[in-house]
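S.K.: Listed here are the chains, written in short residue letters.
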Amino acid sequence: DARVTQTPRHKVTEMGQEVTMRCQPILGHNTVFWYRQTMMQGLELLAYFRNRAPLDDSGMPKDRFSAEMPDATLATLKIQPSEPRDSAVYFCASGPETAEQYFGPGTRLTVT
Amino acid sequence: QKEVEQDPGPLSVPEGAIVSLNCTYSNSAFQYFMWYRQYSRKGPELLMYTYSSGNKEDGRFTAQVDKSSKYISLFIRDSQPSDSATYLCAMTLSGGSNYKLTFGKGTLLTVNP
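Protein chains in written order, with the working numbering: chain A, 1 to 112; chain B, 1001 to 1113.
Derived from the structure by calculation, the hints contain no laboratory data.
No false leads were slipped in.
List of simulated lysine-lysine pairs, BS3-like, C-alpha gap at most 25 Å:
#  : chain 1 : residue 1 : chain 2 : residue 2
1  : A       : Lys62     : B       : Lys1100
2  : A       : Lys78     : B       : Lys1100
3  : B       : Lys1105   : B       : Lys1002
4  : B       : Lys1070   : B       : Lys1105
5  : B       : Lys1002   : B       : Lys1100
6  : B       : Lys1105   : B       : Lys1067
7  : B       : Lys1056   : B       : Lys1100
8  : A       : Lys11     : B       : Lys1042
9  : B       : Lys1002   : B       : Lys1067
10 : B       : Lys1105   : B       : Lys1042
11 : B       : Lys1002   : B       : Lys1070
12 : A       : Lys78     : B       : Lys1042
Predicted model only: the values in this text are computed from it and were never measured.
In isolation and in its complexed conformation, chain B is listed as follows:
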């Protein structure tokens, strides 16, 4: 079993839809959780960063962490064609100098006008 599992999609939705992207993980020691957005032929861009469990909202984006289920989600409200990209989840252990990120393989999202 991989440490981080992410459905690769592709996921295609109409403009204005609510998008739900998910990752599951196996290592209960993960404490920091991130979502990156990667446009075609670009570097990953940090979207959301959360510590431990709970929700975090930033504009149209909401990140949720459920540590009891080892499950994280990213919700995009009122999706736009400009949201079309690959979304990667990432996570790391807590504390010290160990900030090695473990990434999911990414979900390709297309938002159709």
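This is chain A alone, in the form it adopts within the complex:
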């Protein structure tokens, strides 16, 4: 049963700390997406990759957020320094060379 996995599932940290979230896409998928979900804004696209190359990160606050794919089995999203307004659920999704996207379980981030 192929699934997107994300770690950690929950993270509580203090303002100013670095946060790293990891995602393992489904094997064989060549597109990877990072989303943030809040009650107010819903699901927002932060960044996406195709064949490990970043295609669009216009949704990401670039001064503090960075996204990378060091290899085909790992995508990372880093926040440095974190702020309370970054508190949200962060989802990774992957897809084949079509419009379908399959989501992971999410990382619930709380910044105090």
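With chain A fixed as given, assemble chain B onto it according to the hints.
M.R.: Relative to the frame of chain A, chain B by itself:
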């Protein structure tokens, strides 16, 4: 005007009812349309995926796309308590490498036993 509008509900129905969930959109270039189901504290799960106009049926679920009206619907027949979740519509442009999804904010559905 937002690109994708979705009534947030909440929508509460008795078990066995037919449920209709809808989204409207403004960008006529959207070609791929999806419905996701999201249970509380879980990731969105792809339910239905359609290209361009028409209907698609999968078990108790039917997705409809009316591009002339820029309107998409998801119908759930014989609704069950296990269908209680938030339903998100999503859509994207056609072709190339651009598969950025634009989501509605979701409709919260409760099916009461």
